[in-house]
Amino acid sequence: MKKIILVTVVPIFISAAPIDGFLQQLEAQAKKENLNFSGFSAKRGEQIFTSKHIGKRGKKISCTSCHTGDLKATGENIFTGKKIKPLSPKANPKRLQNLKKVKKWLRRNFKDVYKREGTAQEKGDVLLYILKN
Amino acid sequence: MKKIILPILIGAIGVTFAIADSDKESNIYAKKTLTKQNAKLEPLYKKECSECHMAYQPEFLPKRSWKKMMATLSDHFGTDATIDKEDSKKILKYLSSNAADSKRVYGDFRKFLKSIPKDKTVMKISEIPYFKKEHREIPKKFIAQKEVKSFSNCKACHQKADSGDYSERDINIPNYGRWDD
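Chains A and B are the protein sequences, given in the same order.
Each residue of the first sequence is one higher than the one before, counting from 2 in the working numbering.
Each residue of the second sequence is one higher than the one before, counting from -10 in the working numbering.
Think of the hints as simulated: they come from the structure by calculation, not from any bench.
All of these numbers come straight from a predicted model, not from anything done at the bench.
One should not assume that every hint holds.
What the hints assert, rightly or not - Below, a list of computed lysine to aspartate or glutamate pairs in the DMTMM-like style, where the Cα atoms sit at most 25 Å apart:
hint : chain 1 : residue 1 : chain 2 : residue 2
1    : A       : Lys83     : B       : Glu37
2    : B       : Lys74     : A       : Glu118
3    : A       : Lys105    : B       : Asp64
4    : A       : Lys112    : B       : Asp73
5    : A       : Lys83     : B       : Asp108
6    : A       : Lys83     : B       : Asp154
7    : A       : Lys83     : A       : Glu28
8    : A       : Lys83     : B       : Asp69
9    : A       : Lys83     : B       : Glu157
10   : A       : Lys84     : B       : Asp97
11   : B       : Lys138    : B       : Asp73
12   : B       : Lys149    : A       : Glu118
13   : A       : Lys91     : B       : Glu40
14   : A       : Lys104    : B       : Asp154
15   : A       : Lys83     : B       : Asp90
16   : A       : Lys60     : B       : Glu136
17   : A       : Lys60     : B       : Glu40
18   : B       : Lys25     : B       : Asp154
19   : A       : Lys102    : B       : Asp151
20   : A       : Lys57     : B       : Glu37
Claimed, not checked - Negatives, chain A to chain B, calculated, CB over 10 Å:
hint : residue
21   : Ile55
22   : Gly82
23   : Arg109
As the list claims (entries may be wrong) - With beta-carbon atoms standing in for the labels, derived distance ranges:
hint : chain 1 : residue 1 : chain 2 : residue 2 : range
24   : A       : Lys53     : B       : Gln26     : 38 to 48 Å
25   : A       : Thr51     : B       : Lys100    : 40 to 50 Å
26   : A       : Glu28     : B       : Arg167    : 26 to 36 Å
27   : A       : Lys86     : B       : Lys57     : 29 to 39 Å
28   : B       : Thr24     : A       : Ala74     : 40 to 50 Å
29   : A       : Pro94     : B       : Ala28     : 22 to 32 Å
30   : A       : Ile55     : B       : Lys129    : 22 to 32 Å
Ideal Cβ positions, reconstructed from N, Cα and C, are used throughout, including at glycine.
Using the sequences and the accompanying hints, generate a full structural model.
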């Protein structure tokens, strides 16, 4: 029996994209932090992504201020003018491939807009929203 | 006969000097952009730092400024710009070994360094006295316009800024054009 489980589980992990593994990690953490957690939601992710907050340098911003409301569009850092390639992997296949980069930008951008790091649930919600759009 | 030869000779000497001079200048120019210490770390610096802004040439600031810069990335001009610890060490190594006071720098880079008070640790290139002097005549509206945003956006006007060339002939101010002093 053990052998069968091993055979079926291993290929799933190998074929999965790095982002799926990261989502599983976030899910495990979200369950610990929130007993009522019942999976990530792209809808909550959209809310996190589009709502405005007093962010860095006292400016009222949302994620869309730089990334635009269209995840497939090229954005622009409103502070430096630097162009930002689309977030959606459908428009930019390199997106969400490098986990080191994903973690770095989730940390930085939550601080930019929310002035704090996101929770595991919030990060998962936003990632799901990006993946689905 | 002698009278004719003399002016020709003087003329020839003059030409020789002119050639030697322009040679010297182009050498200085080449050196100013080409000698990089720890060049293998340059791609990492460029990749990490140019995700948000131009990767400014390390020769713009002295070592003490880069040290402080890399130690304060959690509040990098109001932004969290923290990076991986190992990458941070490597980038600091690249920046300090190419800093204005770590090697011989030429042209504008040298003038920038000379204008910085010894007891100050400048954090913004745009606050260096020589930078301010060179940009003092640029109307504020040219800088504030959306195509430029701020002095930190060198490339908006200096078309070859990426290669470390800030010559006047390559200046093109958006919605204005060439800038002649």
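Hints the structure violates: just list their numbers, smallest first. Numbers 5, 7, 10, 11, 12, 14, 15, 22, 23, 26 - these are the hints that the structure violates, sorted from lowest upward.
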